[in-house]
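K.L.:
Chains as they are written, first to last, in full-length UniProt numbering: chain A, 1 to 294; chain B, 1 to 294.
Please note: incorrect hints may appear among the correct ones.
Identical chains share a label here; the pair holds if one copy fits it or two copies do between them.
[Stated by the list, open to error] Straight line, CA to CA, 30 angstroms or less: simulated DSSO-like cross-link-like pairs of lysine-lysine:
| hint | residue 1 | residue 2 |
| --- | --- | --- |
| 1 | Lys294 | Lys284 |
| 2 | Lys99 | Lys292 |
| 3 | Lys99 | Lys15 |
| 4 | Lys91 | Lys292 |
Source of the hints: derived by calculation from the structure; they are not laboratory data.
Chain by chain, the residues run as shown.
There are 2 protein chains.
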Amino acid sequence: MTIQTILEAMQRKYKSQISQSCPHDYDDQMPEFQVFFNDLESNDFNTLFTSLPQDRQYLAAGVPGSFHGRLFPESSIHFVHTSFSLHWLSKLPEELQNKASPAWNKGRIHYTSAPNEVIEAYACQFAEDMERFLNARAKELVPQGMMVMIMTGIPKGMPYSQIPTGMLYDSISSSLMDMAKEGIIEEGEVDSFNLAFYAASPEEMAGIVEKNGCFGIERMELTNPAAWMKGPVDIPTLVTHVRAAMEGMFSRHFGSQVMDELFGRLTHKLLDISDLINSTCQEKVQLFAVLKRK
Amino acid sequence: MTIQTILEAMQRKYKSQISQSCPHDYDDQMPEFQVFFNDLESNDFNTLFTSLPQDRQYLAAGVPGSFHGRLFPESSIHFVHTSFSLHWLSKLPEELQNKASPAWNKGRIHYTSAPNEVIEAYACQFAEDMERFLNARAKELVPQGMMVMIMTGIPKGMPYSQIPTGMLYDSISSSLMDMAKEGIIEEGEVDSFNLAFYAASPEEMAGIVEKNGCFGIERMELTNPAAWMKGPVDIPTLVTHVRAAMEGMFSRHFGSQVMDELFGRLTHKLLDISDLINSTCQEKVQLFAVLKRK
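Build the full structure now, drawing on both the sequences and the hints.
P.N.:
Structural data, given as structure tokens:
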């Protein structure tokens, strides 16, 4: 659907430009479009390929590999779109698991409600990853090529614990710590588990882009991903969604036998704070950026 | 392995050309290579992607779709290699199943040992498919772009029944007809089953390429795909290979419950003619063609 939207915008733009210069023959001249779908090589490209529309107006290709490195030849791409992926870190900062470090993330699964040193370790890894991402895309994009990025974000200076996702992570952390105190899991297992994603503010992302120097910033703003939601959040449904998306990460680390226990406890904790969640769920926590290759 | 061979040849050629013109800096200037792997969308691209060498010297992409149509943007490809695929027809000629047609292929599974009308129907479909293939690749290749094609072939004028693959098809046909006579399968099922591939002679392929007009012929010759074989063919091993490659096509049509029966009978029939098979198994039945975009 996203590709369809991008394609229609490009075709409309192309027609409006051509119709001004040579109004009679723009239909014949529509350029060909080639779309590259990228994801890690563990992605299910087979399902992607068999799901592509039969009547698509573009040539399709799948590209396996990490977007933190090079994927395409130099100066071969005109438009990049990345959707809800860039907040994933390429790896966890090592100091999170170092007991001697002030960034040791004891008793938590994320930097939410953590000391500044933990937040800083996440932020450094994110900045490093983004630098690699921007350098790779800068090589691949043609001059003036555009890049539209959508990812998780947060208003500048707002603690992550004050937005619903942060409340979720804090509730998972405390559910796991409760389970550790009751001997269901080991406390060390909680200390050694950390979620590898980071939400940047527009100001922070703008700083990274400017330091990199290859792109001009056309747009950099926060949007509200839940603007379509009417009425209060249904907590059990929310937990079902969270479990669908994240159970794999938790069960690989803690074992599948404790998943019902974990998500059951999580539901109760979130129900207890559902008013707080509802009062913050219209925060603008989606970062929308449009960059142009210099 | 094929990509590695092609890449090394290109790198060697590039270095030898650059070293003549500016001998001191060719190492920095090696161009980037992007390799597109194409197959039908039902292919298992996931396994392909996870099997690619980690230290590959090229950017990789998978392209789902039929090579009888367009796969790549205009004038975007420098080199095409197609290996053991072009002999597959895009579809079976309809007249093979028309009882009123002289091309009705009664009691056979292929054009081996069939009347001229059947052979002609296969040849027409092959020529039509090749025309579409050549037109699509002609659009996609840059001027002077090269195409190396390897596929099944046959010496001009030689009946297909005189080469080992033809003997195999004749033996499968007669095994199936025996089974029909004994009531294990229906005779109509044999009549309605036809293998969708065709082997062209170099002269026939050259005629198709010349009629198309977009490519010059650099090489067009038959090679012997079994040149590495020492000693006589081991028939049970041969049947195991054939079964591994082709059982799916037969079991979808005749039912999996008769496959042991079919391949058991086939083994006996081939053992009876193993001297004949051995006397012909060094025939040149692989077509090797190198074309250059005009």
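K.L.:
Would you mind marking each hint as holding or not holding in the structure?
P.N.:
Each hint tested on the structure:
1. Lys294 / Lys284: within (29 angstroms within a copy, 57 angstroms between copies)
2. Lys99 / Lys292: So Lys99 and Lys292 fail the 30 angstroms test inside a copy (43 angstroms) and across (65 angstroms) alike.
3. Lys99 / Lys15: So Lys99 and Lys15 fail the 30 angstroms test inside a copy (61 angstroms) and across (53 angstroms) alike.
4. Lys91 / Lys292: within (27 angstroms within a copy, 47 angstroms between copies)
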